[in-house]
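Colleague: Here the protein sequences come in this chain order: A and B. Under the numbering used here, the residue at position 71 of the first sequence is numbered 71, and the numbers go up by one with no gaps. Under the numbering used here, the residue at position 98 of the second sequence is numbered 98, and the numbers go up by one with no gaps.
Quick caveat, the hints were computed from the structure, so don't treat them as lab data. Treat the numbers as computed from the prediction; the structure is a model and nothing was measured. All residues carry an ideal CB built from backbone N, CA and C; glycine is no exception. Treat the hints with care, as some may be off.
[Said to hold, decoys possible] Taking beta-carbon pairs under 8 Å as the criterion, some of the chain A residues facing chain B (in silico):
| id | residue |
| --- | --- |
| 1 | S33 |
| 2 | Q41 |
| 3 | G42 |
| 4 | P43 |
| 5 | F45 |
| 6 | Q48 |
| 7 | L90 |
| 8 | A103 |
| 9 | F104 |
| 10 | F105 |
| 11 | G106 |
[What the hints assert, rightly or not] What the simulated footprint calls covered on chain B by chain A, stretch by stretch (three residues with Cβ under 8 Å from a Cβ of chain A suffice, anywhere in the stretch; the number is not a length):
| id | segment |
| --- | --- |
| 12 | 38-51 |
| 13 | 100-111 |
[Unchecked claim] Each pair of labels, with its calculated beta carbon distance range:
| id | chain 1 | residue 1 | chain 2 | residue 2 | range |
| --- | --- | --- | --- | --- | --- |
| 14 | A | E54 | B | K56 | 28 to 34 Å |
| 15 | A | P70 | B | R80 | 42 to 48 Å |
| 16 | A | G28 | B | D66 | 29 to 35 Å |
| 17 | B | A81 | A | F69 | 38 to 44 Å |
| 18 | B | E55 | A | L83 | 42 to 48 Å |
| 19 | A | E52 | B | P111 | 46 to 52 Å |
| 20 | A | A38 | B | K56 | 27 to 33 Å |
| 21 | A | V96 | B | K56 | 18 to 24 Å |
| 22 | B | R60 | A | N59 | 34 to 40 Å |
| 23 | A | P61 | B | S51 | 28 to 34 Å |
| 24 | B | R54 | A | R22 | 39 to 45 Å |
| 25 | B | D66 | A | P70 | 40 to 46 Å |
| 26 | A | E54 | B | T64 | 31 to 37 Å |
| 27 | B | P8 | A | A38 | 16 to 22 Å |
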Amino acid sequence: ETGVTQSPTHLIKTRGQQVTLRCSSQSGHNTVSWYQQALGQGPQFIFQYYREEENGRGNFPPRFSGLQFPNYSSELNVNALELDDSALYLCASSLVGTENTEAFFGQGTRLTVV
Amino acid sequence: SQQGEEDPQALSIQEGENATMNCSYKTSINNLQWYRQNSGRGLVHLILIRSNEREKHSGRLRVTLDTSKKSSSLLITASRAADTASYFCATDAGGANNLFFGTGTRLTVIP
Numbered sequence: 001e002t003g004v005t006q007s008p009t010h011l012i013k014t015r016g017q018q019v020t021l022r023c024s025s026q027s028g029h030n031t032v033s034w035y036q037q038a039l040g041q042g043p044q045f046i047f048q049y050y051r052e053e054e055n056g057r058g059n060f061p062p063r064f065s066g067l068q069f070p071n072y073s074s075e076l077n078v079n080a081l082e083l084d085d086s087a088l089y090l091c092a093s094s095l096v097g098t099e100n101t102e103a104f105f106g107q108g109t110r111l112t113v114v
Numbered sequence: 001s002q003q004g005e006e007d008p009q010a011l012s013i014q015e016g017e018n019a020t021m022n023c024s025y026k027t028s029i030n031n032l033q034w035y036r037q038n039s040g041r042g043l044v045h046l047i048l049i050r051s052n053e054r055e056k057h058s059g060r061l062r063v064t065l066d067t068s069k070k071s072s073s074l075l076i077t078a079s080r081a082a083d084t085a086s087y088f089c090a091t092d093a094g095g096a097n098n099l100f101f102g103t104g105t106r107l108t109v110i111p
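Throw the hints in and build the complete structure from the sequences for me.
Modeller: Have a look at this one:
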């Protein structure tokens, strides 16, 4: 167990809808990152939040947005869902500012867009 | 792309044998990490090696890093059926934990 929890574990949405995924970081961590993993592929970096602000973004359109809360939990929001958004969404927490920079991942949310 | 590439894409070995997976990347890094993923689940951190380190051990795992060749290898000794999983390398590419993952090696250990 990494101490990083994600909810829900599975989700089915219809194309065009909006979805919110949630992540609770490991205690003591100040940074959360989100990744999208399509079937058979490696995870792709979406964005990272540090101190409640976006701190780096991958090649994802603006309809992917996020929030980080004072307790370091986080949300990933995706608007206008497309079929290609079907994937496993992973969040990872870490402690930036020390040498120990391992990222610890949650179990993921499996999103299916139909 | 800053992504790493793992080689081979798939590896099948007998229990007790050693498994070696390789990773190549394209940009300068601060560190490189190896992760394991059981089918469709979350990633489990295995080991982190810093750019100024050449080799690191953790239990049955041995990781090497050659920054001049921009490559790393993960060796799992005395493999077990429970080691069956996908293994990914990830580089930070200079960013604070903006990890760039390879495509992974699918390891199957046959009992």
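Colleague: I'd like to know which numbered hints this structure contradicts. Please list them from smallest to largest.
Modeller: none
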